[in-house]
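First to last, the sequence lines map onto chains P and F. Counting from 7, one number per residue, gives the positions in the first sequence under the working numbering. Counting from 71, one number per residue, gives the positions in the second sequence under the working numbering.
Zero decoy hints are in this set.
Residues on chain P that point at chain F, a partial pick, calculated with CB under 7 angstroms: (1) 107; (2) 136; (3) 213.
No wet-lab data here; the hints were simulated from the structure. Every residue gets a Cβ at the ideal spot worked out from N, C-alpha and C, and that includes glycine.
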Amino acid sequence: MAVVRPPWQERTPGWLQVIKVVTIAVILVVMAFPFVYVIVTSLAAAGSTQVGIFPTAWSLDAYRSLLEGGVVSRAMLVSIGVTVVGTALSVFFTVLTAYGLTRTAEMPGGRVILFLILATMLFSAGIIPNYLLVKELRLLDSYWSLILPTLISAFNLVVVRNFFMNLPDEILDAARVDGASEWRLLWHVVVPLSRAVIAVIALFYAVGYWNSFFNALLYINDTSKWPIQLVLNTFVLQGSPLSQIQNPEIQPPARAIQMAVVVLATLPVLIFYPFVQRHFTKGVLTGAIKG
Amino acid sequence: MTESRIDPAASATAPQSGQFRPSRRHSIWWRILAFRWHYLFIAPGVIFFLVFAYVPLLGNIMAFQDYSPFRGLSRSPFVGMDNFVGIFTDPEVVTALVNTVVISLLQIVFAFPAPIALALLLNSLLSVRIQRLVQGIVYLPHFISWVVVVAIWQEVLGGAGLVNDLLAQLGTGPVALMGNPDTFKALVVAQVIWKEVGWGTIIFFAAIATIPTDRYESAAIDGASAWRRIWHITLPAIMPVIMLLLILRLGAVLTVGFEQILLQQNAVGRDAAQVLDTFVYFRGVLGGDWGLAAAAGLFKGVVGTVLVVLANKLAKHGGGEGLF
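One chain only, chain P, in its complex shape (with noise of 0.2 angstroms):
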């Protein structure tokens, strides 16, 4: 690869160059090493010893204990659940409300709607009186706890209604003129247009859902409908012992298994994150108007 130096700029002396990449090699380990040292650990076979950060044995069994059934599996699914649902719902409604916002200077009371739902950011009613809320909508133990509180991100909802407001008013207006309703505008138009925007916002409210913890604790008391962040705390951080290890054949190192957990609890975010991250710095506006 090319590294192209502007002609005004003046060589880096040596010595800063060494710190330089000193620095960033450093940082890098540092960032790094710990996932790496984690996923190693996790793969300890029964019996194995640890050689610097490797084992002498390496396997699956950790992996294959806790998804044969048991706390750890019902944990993920719970999340997988409460994340599908719930990023599904909060991108369908913030598309919807950012849409219905793109107006707001000629509708009538459009200007204090989008006033009260900006100030939200400025301020939170507490964990008490929230608490109380869904206390008194019943939600108590609900898998909507984790979801309807934190339905809409105000933040989010900035972001989509700016990028809707960006995108040229010719394409609306020529829908518009070939009679389309504005329910099939916001669909079949606007939103195949704002696809990178609407994958970066779902990104950050299925990483929301799927990290999750001081809600679950907070509104779900019943252990066997916890969420893996909570199943997480209580056997890793807490030490409590896994017991539900089905098959005593194989007998992984308990830390092994634990890291697993840890493993397992991070997977999805390590899945995504390489497909998502393309669209944070991709063009916002590239290919909407061609010609």
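Using the hints provided, position chain F relative to the given structure of chain P.
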């Protein structure tokens, strides 16, 4: 106005927002009818914000009550400012408040500038590929839950973790890096830097990328060194972004990583790790002292909102752009 927009005066039928662009010239009913789809679209969202952001505000009434869940908000007796007197005379609240402010200030001093420094370093690299690689890796922990982050740190730095294993093999005694109350605040700040430095770096890096290169070029021709170019061109250019994020950070001065601290409180004890949010949780939700905990929460919320507004005023006063 383009030709395609039909003048509503010429159309006798009901208004179609699809056929024209309603403006302030038209009567209010006409405009409401024209935007009927838009009202329908925002209805669920408006209901959401009313129910989940505005209705709970009413719950703060209990900060002025001797609240009990059996009597509810409507029948719990009012006690005036008793709960507020209570929180400021409770030594646990004072500890929590001090811990919160100290951790917050440490974060503003050490964690806030870290991404600015990293963004400047990245920008000084010539290889785009290395820039992308570093961004991709440092940004990742932002998306990982605090439970996972604490578990990972525990595995590397904890009592039975890798570092202490290696130290034991070298014959050195264990070092309490995770469960030590004396260094807990430093640990919290280090974890925040590890988890969030990438998030800030992406923002600052994007801001730096918008600076036109000819500014650097002419400065270089005038004999400005690389350091002077950073100081006189880059930093002033990204100052609005820095101020914006600093305003938001100041508004959250009483909010320090609640989950992060809750998860590690067992290990270091409450004296070192009690912050306002954990106090509200333990005293209110778990302890049943609803009124007092709600008062502490309300105090925190009001201070936070006032600080954002003040910081914003200050930024505008100083000639900056402000947030709103």
